[in-house]
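Starting from the given sequences, assemble the full structure and let the hints guide the process.
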Amino acid sequence: MTATLTPPQRAGGGPDGRRRLVVVGNGMAGARAVEEILARGGAELFSITMFGDEPYGNYNRIMLSHVLSGEESHEDIFLNSLSWYEQNDITLHAGVRINRIDRFAKVVFSDDGQTTPYDQLIIATGSRSFMPPMDGLMGPGGLLPGVFAFRTIDDTRGMIDYATHDEHRQAVVIGGGLLGLEAARGLQSHGIDVTVIHSPKHLMNAQLGPEGGDILKQSMERLGIRIVCGTRTTAIWGPDKVRGVRLKDGTEMPCDLAVLTAGIRPNVEVALTSGFTVERAIVVDDAMRTVDDDDVYAVGECVQHRGEVYGLVAPLWEQAVVLADQITGADPTAAYMGSRTATKLKVAGVEVAAMGVQGPEKDTDEHIVFSEPRRGTFKSIVIRDDKIIGATLLGDSNKVAFLQQAFDRGLPLPEARVELMFDLGGPSAEVGVAELADDAQICNCNGVSKKAICDVVQAGCKTVTGVMDKTRAGKGCGSCKLLVAQVVEFAADGAVEEDPSVHYYVPGIALDKPTLMAAIRDQELRSPSAVFAALAPEGAEDAKSKMGLASLLKMMWGEDYVDEKDARFINDRVHANIQKDGTFSVVPQMRGGVTTPEQLRRIADVADKYEVPMVKLTGGQRIDLLGIRKEDLPGVWGDLGMPSGYAYGKSFRTVKTCVGQEFCRFGTGDSTKLGIELETRMQGMESPAKMKLAVSGCPRNCAESLVKDVGIVAIEGGRWELYIGGAAGAHIRKGDLLTTVDDAETAKLLTGRFLQYYRENAKWLERTYAFVPRVGLDHIKAVVVDDSEGIAERLDAEVQKHADTYVDPWTEGATPVEPGQFRTSLPLEVLPRVPADRATELLGGSW
Amino acid sequence: MLGPAHTATDHRLGPVTQVPYGEGRAFEVAGEQIAVFRLRDDTLYALSAVCPHKGGPLADGQLDSTLLMCPLHQNTFELATGCSPTGAAPLRRYDVRVEDAEIVLTA
Ligand code: SRM
Ligand SMILES: Cc1cc2nc3c(=O)[nH]c(=O)nc-3n(C[C@H](O)[C@H](O)[C@H](O)COP(=O)(O)OP(=O)(O)OC[C@H]3O[C@@H](n4cnc5c(N)ncnc54)[C@H](O)[C@@H]3O)c2cc1C
Ligand code: SF4
Ligand code: FES
Numbered sequence: 001m002t003a004t005l006t007p008p009q010r011a012g013g014g015p016d017g018r019r020r021l022v023v024v025g026n027g028m029a030g031a032r033a034v035e036e037i038l039a040r041g042g043a044e045l046f047s048i049t050m051f052g053d054e055p056y057g058n059y060n061r062i063m064l065s066h067v068l069s070g071e072e073s074h075e076d077i078f079l080n081s082l083s084w085y086e087q088n089d090i091t092l093h094a095g096v097r098i099n100r101i102d103r104f105a106k107v108v109f110s111d112d113g114q115t116t117p118y119d120q121l122i123i124a125t126g127s128r129s130f131m132p133p134m135d136g137l138m139g140p141g142g143l144l145p146g147v148f149a150f151r152t153i154d155d156t157r158g159m160i161d162y163a164t165h166d167e168h169r170q171a172v173v174i175g176g177g178l179l180g181l182e183a184a185r186g187l188q189s190h191g192i193d194v195t196v197i198h199s200p201k202h203l204m205n206a207q208l209g210p211e212g213g214d215i216l217k218q219s220m221e222r223l224g225i226r227i228v229c230g231t232r233t234t235a236i237w238g239p240d241k242v243r244g245v246r247l248k249d250g251t252e253m254p255c256d257l258a259v260l261t262a263g264i265r266p267n268v269e270v271a272l273t274s275g276f277t278v279e280r281a282i283v284v285d286d287a288m289r290t291v292d293d294d295d296v297y298a299v300g301e302c303v304q305h306r307g308e309v310y311g312l313v314a315p316l317w318e319q320a321v322v323l324a325d326q327i328t329g330a331d332p333t334a335a336y337m338g339s340r341t342a343t344k345l346k347v348a349g350v351e352v353a354a355m356g357v358q359g360p361e362k363d364t365d366e367h368i369v370f371s372e373p374r375r376g377t378f379k380s381i382v383i384r385d386d387k388i389i390g391a392t393l394l395g396d397s398n399k400v401a402f403l404q405q406a407f408d409r410g411l412p413l414p415e416a417r418v419e420l421m422f423d424l425g426g427p428s429a430e431v432g433v434a435e436l437a438d439d440a441q442i443c444n445c446n447g448v449s450k451k452a453i454c455d456v457v458q459a460g461c462k463t464v465t466g467v468m469d470k471t472r473a474g475k476g477c478g479s480c481k482l483l484v485a486q487v488v489e490f491a492a493d494g495a496v497e498e499d500p501s502v503h504y505y506v507p508g509i510a511l512d513k514p515t516l517m518a519a520i521r522d523q524e525l526r527s528p529s530a531v532f533a534a535l536a537p538e539g540a541e542d543a544k545s546k547m548g549l550a551s552l553l554k555m556m557w558g559e560d561y562v563d564e565k566d567a568r569f570i571n572d573r574v575h576a577n578i579q580k581d582g583t584f585s586v587v588p589q590m591r592g593g594v595t596t597p598e599q600l601r602r603i604a605d606v607a608d609k610y611e612v613p614m615v616k617l618t619g620g621q622r623i624d625l626l627g628i629r630k631e632d633l634p635g636v637w638g639d640l641g642m643p644s645g646y647a648y649g650k651s652f653r654t655v656k657t658c659v660g661q662e663f664c665r666f667g668t669g670d671s672t673k674l675g676i677e678l679e680t681r682m683q684g685m686e687s688p689a690k691m692k693l694a695v696s697g698c699p700r701n702c703a704e705s706l707v708k709d710v711g712i713v714a715i716e717g718g719r720w721e722l723y724i725g726g727a728a729g730a731h732i733r734k735g736d737l738l739t740t741v742d743d744a745e746t747a748k749l750l751t752g753r754f755l756q757y758y759r760e761n762a763k764w765l766e767r768t769y770a771f772v773p774r775v776g777l778d779h780i781k782a783v784v785v786d787d788s789e790g791i792a793e794r795l796d797a798e799v800q801k802h803a804d805t806y807v808d809p810w811t812e813g814a815t816p817v818e819p820g821q822f823r824t825s826l827p828l829e830v831l832p833r834v835p836a837d838r839a840t841e842l843l844g845g846s847w
Numbered sequence: 001m002l003g004p005a006h007t008a009t010d011h012r013l014g015p016v017t018q019v020p021y022g023e024g025r026a027f028e029v030a031g032e033q034i035a036v037f038r039l040r041d042d043t044l045y046a047l048s049a050v051c052p053h054k055g056g057p058l059a060d061g062q063l064d065s066t067l068l069m070c071p072l073h074q075n076t077f078e079l080a081t082g083c084s085p086t087g088a089a090p091l092r093r094y095d096v097r098v099e100d101a102e103i104v105l106t107a
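Keeping their order, the protein sequence lines are chains E and R.
Under my numbering, residues 1 to 847 are what the first sequence spells out, in order.
Under my numbering, residues 1 to 107 are what the second sequence spells out, in order.
It is worth saying that the hints were derived from the structure and are not from the lab.
Keep in mind that the hints are not guaranteed to be accurate.
What the hints assert, rightly or not - Pulled from the structure, derived: some chain R residues nowhere near chain E, Cβ distances all over 12 Å:
1) T7
2) A8
3) H11
4) R25
5) L44
6) E102
Claimed, not checked - Simulated pairs of lysine to aspartate or glutamate, DMTMM-like, Cα-Cα distance not exceeding 25 Å:
7) R:K54 to E:D154
8) R:K54 to E:D76
9) E:K580 to R:E28
10) E:K544 to R:E28
Quantities reported herein were computed from a predicted structural model and do not represent experimental measurements.
Backbone N, C-alpha and C fix where the C-beta goes; we use that ideal spot for every residue, glycine too.
Structure (structure tokens):
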């Protein structure tokens, strides 16, 4: 007999001889267990079917906090897209719930009436929000409208929708644990006033002692979140939707939104009704098997192992590994021994990390505490037998990585305990990385060890993003990203590479900008579809790359560009700005912010004729007509008889000006004239991102020239300063002085030259505030002012060519260039219409 | 993928040239708002016209050979199935074909 390492062969019940593996629950644990199984050759052993009652692929639930706060979009948190299931030959029933398991017939029954047989089964049903008993919680169709749990994408989306509703101003969060505080901060970022009601005496009582809890309360209050501890919410009142809550002491608190974060409860109903042993959760052994049935495993928040039930992801990664080792036979000795858990609060500006016990439990335990409530800093470490058994850090998480390692692995501690709390010239972070043991856990969310990262690097993956993709390190709560980068650096011995795709101009074509431009020029590719055909992998079009390509081609080919409307974003197809309800806004050109009574009269007439709901002065010194129907656009332009102001599109926008020397008692240059000339010359110029300019008549800078892509300031002696790379939108940056010139003509010339250089060299969507520091001011000065590359003449000629060939896009209104260009795409009645007569509403009908 | 109870019938929506290559146009069919998309190779797809996220007009979206992207917040949807890889609720899809250079949609 030969010994064999292959797993015990069972008769597979599937038609192809593979065993049928059914997974109930398509959340973080279920999907992770399947990934681990596939990594052990599971595709050959099993035909896999997954059921999940959420209608999506598997996503990173942890990130819902960031989705709520707007730091992440819900699109970006998917761990396994629907195509992943397809590629791995997994049958996914998304949006389908399992109601019952028949252990004896070995089938599961789903709520779509189907019966699915299995040979082996994994239960991974997770948990759900606990609904504390209170009056009025339920309405006729479920939770009272406005009451939300915080567990799923749908909960989160519902909350965001509700929170962004204009009339909703106040929220109450019931439960001040991790989830509650993250929910509170997230809601606040939508401009909602938030109160957290927590029935225990202090916040995060599961992780923190009273002193830490109090300091945390102060930190949260500093963010503007009200905290009420030590009282229970007894009722929610409506009746149609939530209008307030009542506390135990009778206090009433009006609110438009109530979020329940008072704990979680494992989803055990299916297991219970199917005859499995359930205590606090489904009971499993060290092999992650249910104690009732050798062919049924369970994993994640729905299990109880050695009396423990976990509510964090790190333990379930460890469980998934053991489960996979066992079910595939890869390691029949694998055993799960329980996890030590540590938690971090994901609220920007409030650092909280907690692990192990909160305070000393025995007389012999050492307890080291540092507390500085005024600064929101608190540190507490509990040591037993020279090992850390618990630590809490608030307001300063410098030492978290080290403490966590010491806690997880029982590392020896420094004699001077104070070094545990503060860096006293001790080992720096980098040395720390080198010294970490191989199996030290770097990413606690995804359970990735130092060795796992180093192995991937050694196997040739030397980019941080690549390593993150392969190992998942850093893809949980994200707090370890820095550490991951340090480990990659250490493992690559300094030879870290950048992810090549960060250099692609557009995501769908694997070329950086210069290479892409060279290929376009060499092969004379004049339309986006030609570029895709010639340069994209398998010639595949990519919707996300189209805009960037169209813009680049227009810049390169000018009049010879073959315009394909479908490559353009809707704004550029109809030369107006799409609004939240699918109508459009129209901003006519008003060069330098200068207008005439005649223009104003025409704008007023158009506003009347087309019943424009709102007329508004923009931040760019012109007038916006908002809420225009798509089919009215050609009529509006025709009646205005003014050119487009290009308030849409990645292109040259406006030149703001001040009144300047002709009127102003301080003015030293004709800023208005220079601004208008610049706008005339550069109008409608396509570019990688918006270009906004300003000209001020003196250093008082009333046109805000220091925070523009190009800002020009007249100074004493008829001279002009040119600033570049300024911004005051989502990013604020004071422009860098490019040069000072003697006359307006030179200012115009250099402005054009700089902008052309930027157009040719910036990445797609890279504003000048990022481009200038990236390329370097000195380099730009050399090229633009001193012509170090000998390209000045060509750059100037390109600008001239643009000026000579520019055609106002609104002329397309007279003869639409394609069928149905201005036909409505809107079933207006189902959309949230922008309010009619908004101006009258705002101004109350009076002047 | 069709709704319950009611039987599907063919609707002729007029010449296929109403929909430019690579774009979509919205139609009202049997009380439903439906967007019809036409790829460069003349393949047609039909999906509900209103984005389930926040009601974006999907006929104004951008597409490639597999995906449609909503113009408002860039959720994407598979043209062939209506499923959203970005996690939005799925769109309803309809059978659509060309007959005698006309769009014929089953709803
Ligand atoms: C209409 C206007 C607001 C107003 O009522 O005043 C406006 C409206 C929009 N701005 Fe703005 N911005 C307006 C002046 C500004 C200004 C002020 C200025 O131009 O002097 C800024 C800061 C300056 C800057 O850009 O550096 C500004 C910084 C932004 C940003 C942030 C850009 C950045 O990278 O920091 C965005 C978002 C973006 O570009 O991705 C943005 C995006 C937008 C968009 C286009 C949102 C969008 O992507 O659809 C808004 C369209 C609204 C609509 O439905 O029509 N808007 N926006 C202003 C039009 C000016 C004009 O006449 O053209
Ligand atoms: C907002 C938020 C923030 C969080 N932050 C952190 C954090 O920072 N760190 C951390 O470690 N943890 C965090 N967590 C906890 C973490 O998300 C969970 O520990 C983890 O998701 C548990 O995985 P699971 O697979 O056991 O359960 P789930 O991810 O809930 O998956 C279970 C799935 O099974 C489905 N299901 C249930 N019953 C059935 C049935 N009968 N039939 C079919 N499908 C069914 C459910 O719909 C669900 O999709 C956070 C959780 C939330 C909600
Ligand atoms: S910048 Fe100078 S010239 Fe312009 S308005 Fe202000 S003070 Fe007058
Ligand atoms: S409305 Fe379609 S993505 Fe938001």
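Now for the hints, and whether the structure bears them out:
1. T7: holds, 22 Å
2. A8: holds, 20 Å
3. H11: Fine: 16 Å to the nearest Cβ keeps R:H11 off the interface.
4. R25: violated, 5 Å
5. L44: Holds, since 14 Å exceeds 12 Å.
6. E102: holds, 14 Å
7. R:K54 to E:D154: holds, 13 Å
8. R:K54 to E:D76: Status holds; Cα separation ~18 Å.
9. E:K580 to R:E28: It holds: about 21 Å lies between the C-alpha atoms, which stays within 25 Å.
10. E:K544 to R:E28: Distance of about 28 Å is beyond 25 Å: violated.
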